[in-house]
Amino acid sequence: MSTDGSIDTVPGSRRTGPGPAPAARPPLRPVRRRGQRRRGRSRRANTLALLFCAVMAFPVYWMLLTALRPASEIRRNPPRLWPSGLTLENFRRAMESETFWSSVRASALVGVGTVLVSLVIGVLAAYAVARYSFLGRRVFVLAILSIQMIPLAGLIIPLYLLLSDAGLTDSLTGVVLTYLVFMLPFTVWLLRGFVVAVPAELEEAAMVDGCTRAGAFRRVLLPLLAPGLVATSVYSLVQAWNEYVLAYVLLSSDEKQTISIWLVSFQTTFGTDYGALMAGATLTALPVVVFFLFVQRRVASGLAAGAVKG
Amino acid sequence: MATADPPHPPASPRAPLRPSPGRSRRTAVRPSTARSWRTLRRRAVPYVLIAPTVLALAAVLGYPLVELVLLSFQDMTRRELFAGTEPPWVGLDQYRTVLSDRFFWVVVGRTALFTLVCTVATMVTAMLVALLLRQVSPWVRLVTGAVLVAVWAMPVMVAAAVFRWLVDPEFGVANWLLGLVPGLSFDRHNWFEDPWQGFAVIAAVVIWGSLPFATITLQAALTQVPPELEEAARVDGAEGPKVFRHIVFPVIRPAFVMVTSLTAIWTFGVFNQIWLMRSGTPEKEYYLLGVHSFIESFAVNRYSTGAAIAVITVLLLLAGAVVYVRQLVRMGEAE
Chain A
3 MSTDGSIDTV
13 PGSRRTGPGP
23 APAARPPLRP
33 VRRRGQRRRG
43 RSRRANTLAL
53 LFCAVMAFPV
63 YWMLLTALRP
73 ASEIRRNPPR
83 LWPSGLTLEN
93 FRRAMESETF
103 WSSVRASALV
113 GVGTVLVSLV
123 IGVLAAYAVA
133 RYSFLGRRVF
143 VLAILSIQMI
153 PLAGLIIPLY
163 LLLSDAGLTD
173 SLTGVVLTYL
183 VFMLPFTVWL
193 LRGFVVAVPA
203 ELEEAAMVDG
213 CTRAGAFRRV
223 LLPLLAPGLV
233 ATSVYSLVQA
243 WNEYVLAYVL
253 LSSDEKQTIS
263 IWLVSFQTTF
273 GTDYGALMAG
283 ATLTALPVVV
293 FFLFVQRRVA
303 SGLAAGAVKG
Chain B
-9 MATADPPHPP
1 ASPRAPLRPS
11 PGRSRRTAVR
21 PSTARSWRTL
31 RRRAVPYVLI
41 APTVLALAAV
51 LGYPLVELVL
61 LSFQDMTRRE
71 LFAGTEPPWV
81 GLDQYRTVLS
91 DRFFWVVVGR
101 TALFTLVCTV
111 ATMVTAMLVA
121 LLLRQVSPWV
131 RLVTGAVLVA
141 VWAMPVMVAA
151 AVFRWLVDPE
161 FGVANWLLGL
171 VPGLSFDRHN
181 WFEDPWQGFA
191 VIAAVVIWGS
201 LPFATITLQA
211 ALTQVPPELE
221 EAARVDGAEG
231 PKVFRHIVFP
241 VIRPAFVMVT
251 SLTAIWTFGV
261 FNQIWLMRSG
271 TPEKEYYLLG
281 VHSFIESFAV
291 NRYSTGAAIA
301 VITVLLLLAG
311 AVVYVRQLVR
321 MGEAE
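If you read the protein sequences in the order shown, they are chains A and B.
If you read the first sequence in our numbering, its first letter stands for residue 3, the second for the next number, and so on.
If you read the second sequence in our numbering, its first letter stands for residue -9, the second for the next number, and so on.
None of these hints come from the bench; they were simulated from the model.
Every residue, glycine too, gets a C-beta built ideally from N, C-alpha and C.
One should not assume that every hint holds.
[Stated by the list, open to error] To give a feel for the contact side, a few chain B residues facing chain A, derived at Cβ under 10 Å: (1) Ala73; (2) Ser127; (3) Ala150.
[Claimed, not checked] Partner residues are not named here, just some residues of chain B that face chain A (Cβ under 8 Å, in silico): (4) Pro36; (5) Thr43; (6) Leu168; (7) Phe284.
Chain A with its partners taken away, still in its complex shape:
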């Protein structure tokens, strides 16, 4: 197998390969019968997996199909499972709704704000946890992880009261602050996995060559960490884009509503206009899906590294 260093420098790269070895590797020993059995099993596995995919993907497919269908096709009984006439009319209606662009703007602002702050703060903490042993480190890690257990819905009231004391209700800053706290623990934990995956020897070498600890961090670790940073930031961006309750409670004026609120209010105003609603849903989900497709593998391996390499 390859050396530790080359695997771990780019977290996740190894996992992008065709996965676990036994199936992929040429069977060395017992010759033909084994290969045949494996092929048979593989076909069965393929069918099962595709079936699973079909079930999982169906709601998404149905959303897209409804969004692209003319109204007459949507209100059809019995429904048709495949498209006949496609139109962008639903998208037009959705995007013409009053608050669409302002909510896109609000969501983008909140997302970027949350990501920037949580990344800067989080990477420092992740570095401390991954590279130093210090008194209280365990407590810190435990605290970070157990914050996940606090149900958000339970904290809405005191959070609301806190922000209203600080004059931050109905302000995007207030929303960023609250999101920050719910993203930060996860950010730290994810980044910790990525830092652990970079061998400390590299920084050491830089320090032997005369770098300070901070210099080694900036010049050696940070560039190697870049993929992890991207993955983490997209992950929290997505979380911020998706969040609904806090935004619903904290923001009251129309022009500050985030995209999630836009979508939901849409649902009640237009009630049965499922075409436009599904188009709105597609518009809301699309950027998230696209971003996420790029980074999910790293997120997952960062999580797995965090858990397995405890």
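Once you've looked at the hints, dock chain B against the given chain A.
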């Protein structure tokens, strides 16, 4: 190399770091105060690094948590909220009210059952799919990955809207599909009339939404299982389930426990799916703890009762999450 890692991982990244630079400096003889000042400074570094995180968490999370507990011992209503006056202290009254309410216990039971069903369904399916994905052709793995990620990235409110559309009484495709089964008639069937069926739909959204995270993480964890070990076990005559139990599972157990706990915790605190699928006005039959607490606080304006329910929810979660916490402690010890 990678295979030798798991037993004692933390030693390798950290241990070599300190001695080398430190020692060379110490030879340059200095008054001891300067040295101790330097050690002190070096000791302080990690604390400085975690300080912003700790501060942010303490301010925006710690303070409200304390406030929440305090609030649950008071009696805050709309009047105190708007006048800004200190609400009266009522001791354990709120807890007494909540705990003696039969309906509350119904909600607790319902939440527990819902969490159990969703978590078990999610984890069993995710584990099976993750294992299955090791045997499929690369292109199938790619397709499955893409589908899972697309689902993972679906915002909750999108998912809720889509599922509501799927079970729409008049034009929903679910009714039509079920109607194709001979002997069944689902024409204009309203799924939310009967809470059991309604919860089946809500559970479907929750499970559908949590499967990708679970599957992808378990799949990533499975790649850490050394293939040599598995192969060796196979050569020694061990078959599928045995290999899984003795070789594969021990390696992925930390990840498995973490995913299970997180899934359970998220499901226990479920709010969005119910709120959105009942368009902001869930009937009493659809209350789970999160919704119950929220409605008490915001719709009924009994902030303190809502706070008491939230505190009890956290306590119940803590009790239920013993496994998770123990896993965390073990991880903490490993570090």
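Status of each hint after checking the structure:
1. Ala73: With a closest approach of 13 Å, the B:Ala73 hint is violated.
2. Ser127: holds (6 Å)
3. Ala150: holds (8 Å)
4. Pro36: Holds - the Cβ of B:Pro36 comes within 8 Å of chain A, reaching about 4 Å at its closest.
5. Thr43: It holds, given that the least Cβ distance between B:Thr43 and chain A is near 4 Å, below 8 Å.
6. Leu168: violated (12 Å)
7. Phe284: holds (5 Å)
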